Amino acid sequence: MTNSPVTNDGLADEETPFIRNAWYVACFSRDVVQGTPFMRRILGEDVVLYRKADGTIVAMKDRCPHRSFPLSSSKIDGDDIVCGYHGIRFGFDGVCKLVPTQASAPRALNVRTFVVRETSPVVWIWMGDTETAHRTELPAAPWMLDDFGWATAYDYLRVNASYVFLHENLVDLSHLTFLHANTFGTPDYATAPFETEITDETIVVRRTVQPTRLPPIYANPLGMQNVDAARIVTSTFVTPGLSISAVVLRNLEQPVESRVDHHIRTAQLVTPCDQRTVHYHFVVARDFVIGDPGVSNFILQSVKAAFVEDVFALESITRIRRDDPDIHFKEKSIASDRAGVMLRRRLLALAGQEAS
Amino acid sequence: MTNSPVTNDGLADEETPFIRNAWYVACFSRDVVQGTPFMRRILGEDVVLYRKADGTIVAMKDRCPHRSFPLSSSKIDGDDIVCGYHGIRFGFDGVCKLVPTQASAPRALNVRTFVVRETSPVVWIWMGDTETAHRTELPAAPWMLDDFGWATAYDYLRVNASYVFLHENLVDLSHLTFLHANTFGTPDYATAPFETEITDETIVVRRTVQPTRLPPIYANPLGMQNVDAARIVTSTFVTPGLSISAVVLRNLEQPVESRVDHHIRTAQLVTPCDQRTVHYHFVVARDFVIGDPGVSNFILQSVKAAFVEDVFALESITRIRRDDPDIHFKEKSIASDRAGVMLRRRLLALAGQEAS
Amino acid sequence: MTNSPVTNDGLADEETPFIRNAWYVACFSRDVVQGTPFMRRILGEDVVLYRKADGTIVAMKDRCPHRSFPLSSSKIDGDDIVCGYHGIRFGFDGVCKLVPTQASAPRALNVRTFVVRETSPVVWIWMGDTETAHRTELPAAPWMLDDFGWATAYDYLRVNASYVFLHENLVDLSHLTFLHANTFGTPDYATAPFETEITDETIVVRRTVQPTRLPPIYANPLGMQNVDAARIVTSTFVTPGLSISAVVLRNLEQPVESRVDHHIRTAQLVTPCDQRTVHYHFVVARDFVIGDPGVSNFILQSVKAAFVEDVFALESITRIRRDDPDIHFKEKSIASDRAGVMLRRRLLALAGQEAS
Chain A
1 MTNSPVTNDG LADEETPFIR NAWYVACFSR DVVQGTPFMR RILGEDVVLY
51 RKADGTIVAM KDRCPHRSFP LSSSKIDGDD IVCGYHGIRF GFDGVCKLVP
101 TQASAPRALN VRTFVVRETS PVVWIWMGDT ETAHRTELPA APWMLDDFGW
151 ATAYDYLRVN ASYVFLHENL VDLSHLTFLH ANTFGTPDYA TAPFETEITD
201 ETIVVRRTVQ PTRLPPIYAN PLGMQNVDAA RIVTSTFVTP GLSISAVVLR
251 NLEQPVESRV DHHIRTAQLV TPCDQRTVHY HFVVARDFVI GDPGVSNFIL
301 QSVKAAFVED VFALESITRI RRDDPDIHFK EKSIASDRAG VMLRRRLLAL
351 AGQEAS
Chain B
1001 MTNSPVTNDG LADEETPFIR NAWYVACFSR DVVQGTPFMR RILGEDVVLY
1051 RKADGTIVAM KDRCPHRSFP LSSSKIDGDD IVCGYHGIRF GFDGVCKLVP
1101 TQASAPRALN VRTFVVRETS PVVWIWMGDT ETAHRTELPA APWMLDDFGW
1151 ATAYDYLRVN ASYVFLHENL VDLSHLTFLH ANTFGTPDYA TAPFETEITD
1201 ETIVVRRTVQ PTRLPPIYAN PLGMQNVDAA RIVTSTFVTP GLSISAVVLR
1251 NLEQPVESRV DHHIRTAQLV TPCDQRTVHY HFVVARDFVI GDPGVSNFIL
1301 QSVKAAFVED VFALESITRI RRDDPDIHFK EKSIASDRAG VMLRRRLLAL
1351 AGQEAS
Chain C
2001 MTNSPVTNDG LADEETPFIR NAWYVACFSR DVVQGTPFMR RILGEDVVLY
2051 RKADGTIVAM KDRCPHRSFP LSSSKIDGDD IVCGYHGIRF GFDGVCKLVP
2101 TQASAPRALN VRTFVVRETS PVVWIWMGDT ETAHRTELPA APWMLDDFGW
2151 ATAYDYLRVN ASYVFLHENL VDLSHLTFLH ANTFGTPDYA TAPFETEITD
2201 ETIVVRRTVQ PTRLPPIYAN PLGMQNVDAA RIVTSTFVTP GLSISAVVLR
2251 NLEQPVESRV DHHIRTAQLV TPCDQRTVHY HFVVARDFVI GDPGVSNFIL
2301 QSVKAAFVED VFALESITRI RRDDPDIHFK EKSIASDRAG VMLRRRLLAL
2351 AGQEAS
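Protein chains in written order, with this note's numbering: chain A, 1 to 356; chain B, 1001 to 1356; chain C, 2001 to 2356.
Simulated from the structure, these hints should not be mistaken for laboratory data.
Because the structure is a prediction, the values reported are computed rather than measured.
Incorrect hints may appear among the rest.
[Unchecked claim] Below 25 Å or equal to it, Euclidean Cα-Cα: the simulated SDA-like pairs (lysine to any residue) are:
#1 C:K2332 x A:N182
#2 B:K1332 x C:S2104
#3 B:K1097 x A:T177
#4 C:K2075 x B:A1105
#5 B:K1330 x C:K2097
#6 A:K75 x A:A108
#7 B:K1330 x C:K2332
#8 C:K2330 x C:R2345
#9 C:K2097 x C:V2082
#10 B:K1075 x A:D200
#11 A:K330 x B:T1177
#12 A:K332 x B:G1094
#13 B:K1097 x B:P1121
#14 A:K75 x C:S2316
#15 A:K97 x C:G2149
#16 B:K1075 x A:S336
#17 A:K75 x C:T2186
#18 A:K52 x A:T16
#19 A:K52 x A:P100
#20 B:K1304 x B:R1206
#21 B:K1075 x A:P187
#22 C:K2097 x B:V1341
#23 A:K52 x A:E137
#24 B:K1330 x C:T2186
#25 B:K1332 x C:K2097
#26 A:K332 x B:P1100
#27 B:K1332 x C:L2098
#28 C:K2061 x B:K1097
#29 A:K97 x A:G78
#30 B:K1332 x C:K2332
#31 A:K330 x B:G1044
[Stated by the list, open to error] Interface residues of chain C toward chain A, partial, derived using beta-carbon atoms under 8 Å:
#32 G2294
#33 F2298
#34 I2327
#35 H2328
Beta carbons are placed, not taken as given, at the ideal position from N, Cα and C, and that holds for glycine.
So here's chain A without its partners, still in its complex pose (with noise of 0.2 Å):
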C-alpha cells in the first residue's frame, strides 16, 4: 500500500533502515525525574530510561525477558529497576539479581542496556554498538548547553512523518517564504542567493537575504522593525540526529564601523521514533536580549508555531504519498532540492554501511 517514489532513485525514505551508530537526543534531561522510568521509543525499540542514586542516567530495553512487562511500568529501587509484574530485579548494567520464587537469578534474564550521555538539557542514546560509541564525540553545539552563558529555550514536538523528510525539509529553507509565509518567512527569502557546500562530514546551504526586513520573531527582541536588515542563514546537516540552523543578524541602517552581528541558533535534534514518526526535540539559543526570559518564551513560541507548519506539511506529504493508488508516481526535484537529495544519498548510503 505505501509508494516509495524515490526509493529507486538511489534517496533514502520512510522505508530506509535506521541508522543506529548514531548519537540521537533520547529526551530533555528534565524528562527523567529521580524515581521515576521514563519511556521513549527510538529506532523501533521501546526504551527505559531512569535515574540511578547519584543522579547519573541509565537506559535499557523496555521489555522484562521473562513474560515482557514493561519496565517503564515498574519501580525504581536504588540503582535497580524491579519490574512490576512478577518483581523480577535487575541492576543498572541490565543484570539479573532477583527472582522472588527461586533461589538463582539466571544471566539469561539480563537486559540489554544503552550507552546514554547527558549534556543537559539533552539527554543522548546510542542505539547501535556500544563499542562505536565510546569511541564518537556527541555532535558539537556546545551553544545549546546550559553552561555555554547563551540564553536558551527549547521544546518537542511529535511528527508523523519520517525522519528523512524533516531533514529535507530541514537544509533546504526555500519554502520559508510560502509554507512560512505567516510566521518567519518573507517574500524574498525564497529568491535570495544562496550556496550549497558538501563535504564529507556536513552539507551546508547558507543564503544571504539583504537588504531585508526581519519578520517579528528577530525584528521585535532586537528592536529592528522597518528597519533594513540582513539575515544570513546557515543550515548545516550534521549527523543522523542533529541538524542545525545558525542565524546571523546585522541593521543595515546604521554606520558599517558600528554594526554588531547578533546571533540566533537551532538545534533541530531529529530522533526517528519508528520508520514513520519523529521525536522532534529543539533548542533555540541566542546570543543577544540574554537576561529576558519574557524574549526566549516569545521567541520559542514564534519558533514552534513555525515548526507546526513543519509538521502539517510533512504529514500531509506522508498521508499523500501512502494513499494515492499510482504507484508509478514519481516526484521531481528542482534545482534548489540538491542539498536535500545529496542528504537523503547520503542516509541511504549510512543505512547500507550498517546492513553490510
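Since the structure of chain A is already known, use the hints to place chains B and C on it.
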C-alpha cells in the same frame, strides 16, 4: 481478511475496480467557494477543485509533483494555484508556470487535470479518459437542476460501504417495510406487485402500491393523511454515478376525472470515495407545494432520516462481511434481488471492459 | 508484524486456533432481556442471543444469509427473529419461515444455531460440534449459582489480550506481591511455599501463606485486620472457559479448636472474543457475612480493581510483543511458570486435536 462472498458468482462487490469512464458528482456547487480550494477523494484519488476568476470550476490531482504537498492546502491566485510548500505555480490547465528558486518552469512538473461540468446545484467530474468525457452527455435528470422550476432540496452523507451495495440497496426498495418502517415504509410495500425492466441502458424496478396510506413524508405536505392513495415508485439505475427514484402520488378518493398526479423524484448521486467509502449526494425535487421552503426542509429531513437507516444497514453489512472468519459463507439471493443482481453483474462487466 | 515469542516452544499463544469444543460463558443472564436481541462476538464469530416466549435462550449466527444484515439489529416476534433489512423470518431453530416478497421460504436461507445452557447468573454457549455439546457436562462450580446459598457478586471486563495469557496469569499468582501490591497482594505472597498438581483434567497451584496479614478485601469483612492469619489459595485451570480461584482464610490467633475456615471463590470465566480480545466474566462467591450487600459490593469492587491491574499488564505485554522489531526475542520461563507452561502446552494440544 476480506471475505467477498459473491465474487465468484460474477457479481460486483467491494473488490471490483472502479469504473472511471462515467460522470460522477464531485460535490455541490456551494462547496466550491471562490478563492478557496476544495478537496475530495474520488475513485481513490485526491482531487482539488477551485473556481477560476470567471467562476468556472477546474479540477486537478491534489498532489504537487515536486514533494507531494496537497494543492488543496495551497493558495488560489487568479486562475492559478500556488503550492503552499515551495511556491510552485500552476495554471488552471495544470501547466507549471513558475518555480520561485529558478528561472525555468519544467514541463515535468505539470499536474494532471480532470474534466468538470457544473449544472447547479451539482458539479460533475470525469475521472477517466478525456476524449470519452467530451463525447459523453451528462446523465439526464433536468428536474433536479436549479433552473427547471421544481422545488429542490439537497444534502450529503458519507457512507462507509462499497458504492456497489448502495446501488443494490437503491434499485430494490422491498426493504422499505422493514428497514424504513419508521420513516417512509408502510406494511404493504414489500408485498406490492412489481415489475423489473432491464435494457442495455438502464435497470428499472416499478412498484405499484394501491390502495395504500401514505407515510408522513408525502401525506403531510399533500394533506393526504388517512386517505386511500396510489404510490407508484420507479427505481432506475442510470449510470454508476446515478440512481433515480421517481414517485407518483395520487388521491384515490377523488373522482377519477379530477385526479392529479403529484411527482417527487430523488437523484441519488453515488460517487465512490474509495473501495469502501461513498460520497452520497442526493437531490429531492417535487412538483407540488413548490413555494414552501418549510415543506422542502421537512421532506429533506425525512429523506435523510431514511437514508441514515440505509447507511446503518450498509455499514453493518460491510463490517459483518469483513469480520466473519467463515470464508466459505455465501450470501443467497431471492427473487426480488433480480434487479440488484443484474446491476452488480453490469458493474462488474463495465469494470472488466475498462481493464481490458 | 506479529512476533510470537514462544510458538516454536510448543506453547499456545495468540496465534493458536480457538478450542471450539468447550463450554464458554456467553454473557450474564441479565444481559438477555425478553424482546431484545443481544450480540456478542465469541471465538471470532458474531452470535445473537434472545429469549423465546417461554424465557429460554437461543443463540444463532448474527448474519442474515441473504445480505448479511445483523440479526441482532432485527426484531424478535414471539419465538422468531425477523431480519431488519428485508423482513426474512427465522424460527428459534434457525429455519427460514418467510420471505415477504415471495411464496416460498428456501431452506438455503437457514441460519446456524448454537447450543446454549442457562445456569443463572450465567449463560453458557458451545461453539463447536453439537453432538459433543449434548454429552458434555457444564464445568462444576455450583457455588457461583444463584440457588447455591452463598453470597455472590459478578461483573465483566473486556481485555485486549489473548485468552491464553489471561489463563497463564490466573494459574500462577506469584505476581500478587508486585502487580497487586496495592490491592490483594502482600509482601510475603511471592515467597510463600506452593505446590503444583497436574492431572489429565486440571492444573492446580496451591499456595499457603501463614502466618500472614490479610489485605483489606478479606480483613475488613471478617474483622481480621492486624491479625495473624492463614491464607490458602488454590488456583485451578478447569477448562479453556473457566479458571477457579478458591481461597481459605483462617484466624491463627484463635484457639485451634474454635478456628473456622472462611471460603471465598472466584469463577474466572474466560471467553475469547477474537484472537486478541477476551470477554472476562467473573463471579465472586463467599460463605461468610452472607446477608450484607454492602460487603458483596466492597469485595466485588476490590476484585475488579485488582483485575484491572491484570488487564493493564496483559494489554501492555500484548502491545510490547506486537511492536518489538526484534523478531528473535524469546521470553524466558522461570521455575514458578511450570503450571502456566503446562497450561499453554495443553491449550496448544487441545487446539491441535480439534484441527486434526
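Now the hints, each set against the structure:
no., hint, verdict
1, C:K2332 x A:N182, "violated (56 Å)"
2, B:K1332 x C:S2104, "holds (14 Å)"
3, B:K1097 x A:T177, "holds (18 Å)"
4, C:K2075 x B:A1105, "violated (65 Å)"
5, B:K1330 x C:K2097, "holds (20 Å)"
6, A:K75 x A:A108, "holds (21 Å)"
7, B:K1330 x C:K2332, "violated (45 Å)"
8, C:K2330 x C:R2345, "holds (16 Å)"
9, C:K2097 x C:V2082, "holds (10 Å)"
10, B:K1075 x A:D200, "violated (39 Å)"
11, A:K330 x B:T1177, "violated (52 Å)"
12, A:K332 x B:G1094, "holds (15 Å)"
13, B:K1097 x B:P1121, "violated (32 Å)"
14, A:K75 x C:S2316, "holds (16 Å)"
15, A:K97 x C:G2149, "violated (49 Å)"
16, B:K1075 x A:S336, "holds (21 Å)"
17, A:K75 x C:T2186, "holds (16 Å)"
18, A:K52 x A:T16, "violated (35 Å)"
19, A:K52 x A:P100, "holds (22 Å)"
20, B:K1304 x B:R1206, "holds (22 Å)"
21, B:K1075 x A:P187, "holds (15 Å)"
22, C:K2097 x B:V1341, "holds (23 Å)"
23, A:K52 x A:E137, "holds (23 Å)"
24, B:K1330 x C:T2186, "violated (56 Å)"
25, B:K1332 x C:K2097, "holds (15 Å)"
26, A:K332 x B:P1100, "holds (15 Å)"
27, B:K1332 x C:L2098, "holds (14 Å)"
28, C:K2061 x B:K1097, "violated (61 Å)"
29, A:K97 x A:G78, "holds (13 Å)"
30, B:K1332 x C:K2332, "violated (51 Å)"
31, A:K330 x B:G1044, "holds (18 Å)"
32, G2294, "violated (32 Å)"
33, F2298, "violated (25 Å)"
34, I2327, "violated (12 Å)"
35, H2328, "violated (12 Å)"
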